[in-house]
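Trainee: Could you put the whole structure together from the sequences, leaning on the hints where they help?
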Amino acid sequence: MSDKLSIGLVGGAGSLPDLLAEKHDIWVGADAGAKALASAGIRMKLAVGDFDSVSEEDIVLIRQYADEVIMFPPEKDETDLELAIRYAEGYGAHVVSVYGVTGGRLDHELINIQMLYRLLDTFEQAVIIDRQNDIRMNRPGTYHIEQDHTYRYVSFLSFSEQVTGLTLTGFKYPLTDASIHWGETLSISNELVAQTGTYSFASGIVIMIKSKDV
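For the sequence shown, counting from 1, position 194 maps to 206 in our numbering; every step adds exactly one.
Calculated directly from the structure, the hints in this document are not laboratory data. Glycine is no exception: its CB is placed at the ideal position from the N, C-alpha and C atoms. Certain hints may be false.
[Stated by the list, open to error] Once the Cα atoms are required to be at most 16 angstroms apart in a straight line, the calculated EDC-like pairs of lysine to aspartate or glutamate come out as: (1) 88 <-> 64; (2) 16 <-> 37; (3) 222 <-> 160; (4) 35 <-> 142; (5) 35 <-> 15; (6) 222 <-> 173; (7) 184 <-> 160; (8) 16 <-> 101; (9) 88 <-> 62; (10) 224 <-> 160; (11) 184 <-> 146; (12) 16 <-> 136; (13) 222 <-> 146; (14) 57 <-> 79; (15) 222 <-> 101; (16) 57 <-> 80; (17) 224 <-> 203; (18) 57 <-> 101; (19) 57 <-> 30; (20) 224 <-> 142; (21) 224 <-> 146; (22) 184 <-> 203; (23) 57 <-> 89.
[To be verified] Between beta-carbon pairs, the in silico distance windows are: (24) 30 <-> 158: 19 to 27 angstroms; (25) 51 <-> 181: 21 to 29 angstroms; (26) 15 <-> 173: 36 to 44 angstroms; (27) 15 <-> 57: 15 to 23 angstroms; (28) 72 <-> 167: 20 to 28 angstroms; (29) 35 <-> 156: 19 to 27 angstroms; (30) 189 <-> 90: 39 to 47 angstroms; (31) 153 <-> 68: 44 to 52 angstroms; (32) 73 <-> 214: 47 to 55 angstroms; (33) 151 <-> 72: 40 to 48 angstroms; (34) 205 <-> 29: 40 to 48 angstroms; (35) 117 <-> 15: 33 to 41 angstroms.
Mentor: Next comes the structure, spelled out in structure tokens:
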């Protein structure tokens, strides 16, 4: 864990990695995500949601592992994840890692990935982590990435209509001042060949995904 305050936010029970192997200063659980944390014996600062996907027995367990439980009615404008994000944004953390929000309903998965864009306004770094993927979103700039044998493949997708000036160094398939568009596959399934690689771009929003085969 770095010296920057980090939050682990478990937004559901989909495609969870081993939560005990993940280290954060603060844990927040949303609905079934709070159950996942409690079941793993992880203390959380907050459990929030309508809890319509857990049982009364689960809520008893959640209360044992949560410093605070905030319950909302099922009929609400925000998803449980968005509610959890709202509270997490007030904790003053620099880094947020979101778990359990992929691998289920496609509508939920797509909006959860889109929420990374909102998190860029509050956190220095926001990432979605599941059993197979590490998903990040970046604004224009230069970024360094360390070789990680857990994740063989590294892909770059345009979240905006176009990304310009994309340059990849230290990769099997380098790029220099390239443009990628929404829906193109130019920069899918690349691999790092150097211990440390660099990617940079001039405009647009990039989704960077590190992934592995099952």
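Trainee: Look at each hint and say if it fits the structure.
Mentor: So, going through the hints one by one against the coordinates:
For the hint pairing residue 88 with residue 64, the CA-to-CA distance comes to about 12 angstroms; that is within 16 angstroms, so the pair holds. For the hint linking residue 16 to residue 37, the alpha-carbon distance of about 9 angstroms falls within 16 angstroms, and the restraint holds. Between the alpha carbons of residue 222 and residue 160 the distance comes to roughly 9 angstroms, so the proposed pair stays at or under 16 angstroms and holds. Pair hint residue 35 plus residue 142 holds up; C-alpha atoms about 15 angstroms apart against a cutoff of 16 angstroms.
Of the pairs offered as hints, the one joining residue 35 and residue 15 holds, with about 12 angstroms between alpha carbons and a cut-off of 16 angstroms not exceeded. For the given pair, residue 222 sits about 22 angstroms from residue 173 by alpha-carbon distance, which is inconsistent with the 16 angstroms threshold. Restraint check for residue 184 and residue 160: satisfied, since their Cα atoms lie roughly 14 angstroms apart, inside the 16 angstroms limit. In summary, the hint linking residue 16 to residue 101 is supported, as the alpha carbons are separated by about 15 angstroms, within the 16 angstroms threshold.
Between residue 88 and residue 62, the direct Cα distance comes to roughly 9 angstroms. Compliance with the 16 angstroms bound is thereby established for this hinted pair. With a C-alpha separation of about 10 angstroms, the suggested pairing of residue 224 with residue 160 holds against the 16 angstroms cut-off. Note on residue 184 and residue 146: the hinted pairing is violated, with a Cα-Cα distance of about 19 angstroms set against a maximum of 16 angstroms. Under the criterion of a C-alpha separation no larger than 16 angstroms, the hint pairing residue 16 with residue 136 is consistent with the structure, at around 10 angstroms.
Straight-line distance between C-alpha atoms of residue 222 and residue 146 comes to about 5 angstroms, which keeps the hinted pair within the 16 angstroms bound. For the suggested pair residue 57 and residue 79, the alpha carbons sit about 5 angstroms apart, so the restraint of at most 16 angstroms is met. Between the alpha carbons of residue 222 and residue 101 the distance comes to roughly 25 angstroms, so the proposed pair goes past 16 angstroms and is violated. Restraint check: the Cα-Cα separation between residue 57 and residue 80 comes to about 6 angstroms, which is no more than 16 angstroms; the hinted pair holds.
The hinted pair formed by residue 224 and residue 203 meets the criterion: a straight-line CA distance of about 11 angstroms does not exceed 16 angstroms. As the CA atoms of residue 57 and residue 101 are separated by approximately 13 angstroms, the hinted pair is consistent with the 16 angstroms bound. Annotation: proposed proximity of residue 57 to residue 30 is violated, straight-line Cα distance about 19 angstroms (limit 16 angstroms). For the suggested pair residue 224 and residue 142, the alpha carbons sit about 11 angstroms apart, so the restraint of at most 16 angstroms is met.
With a C-alpha separation of about 9 angstroms, the suggested pairing of residue 224 with residue 146 holds against the 16 angstroms cut-off. As the CA atoms of residue 184 and residue 203 are separated by approximately 5 angstroms, the hinted pair is consistent with the 16 angstroms bound. With a CA separation close to 24 angstroms, the supplied pair residue 57 and residue 89 exceeds the 16 angstroms bound. Between residue 30 and residue 158 the C-beta distance comes to about 20 angstroms, which sits within the given range of 19 to 27 angstroms.
For residue 51 paired with residue 181, a C-beta distance near 43 angstroms fails the hint of 21 to 29 angstroms. Between residue 15 and residue 173 the C-beta distance comes to about 37 angstroms, which sits within the given range of 36 to 44 angstroms. For residue 15 and residue 57, the Cβ-Cβ distance of about 19 angstroms falls inside the hinted range of 15 to 23 angstroms, so the restraint holds. Separated by about 42 angstroms at the C-beta atoms, residue 72 and residue 167 break the suggested range of 20 to 28 angstroms.
A hinted range of 19 to 27 angstroms holds for the C-beta pair residue 35 and residue 156, which are about 21 angstroms apart. Separation of residue 189 from residue 90 is about 40 angstroms and conforms to the stated range, judged on CB atoms against 39 to 47 angstroms. Distance hint check for residue 153 and residue 68: the Cβ-Cβ separation is about 48 angstroms, which falls inside the suggested range of 44 to 52 angstroms. Hint check: residue 73 to residue 214, Cβ distance near 49 angstroms, so the stated range 47 to 55 angstroms holds.
Look at residue 151 against residue 72: about 43 angstroms separates their beta carbons, and that is inside 40 to 48 angstroms. At roughly 26 angstroms, the beta-carbon separation of residue 205 and residue 29 lies outside the given 40 to 48 angstroms, and the hint is violated. A hinted range of 33 to 41 angstroms holds for the C-beta pair residue 117 and residue 15, which are about 37 angstroms apart.
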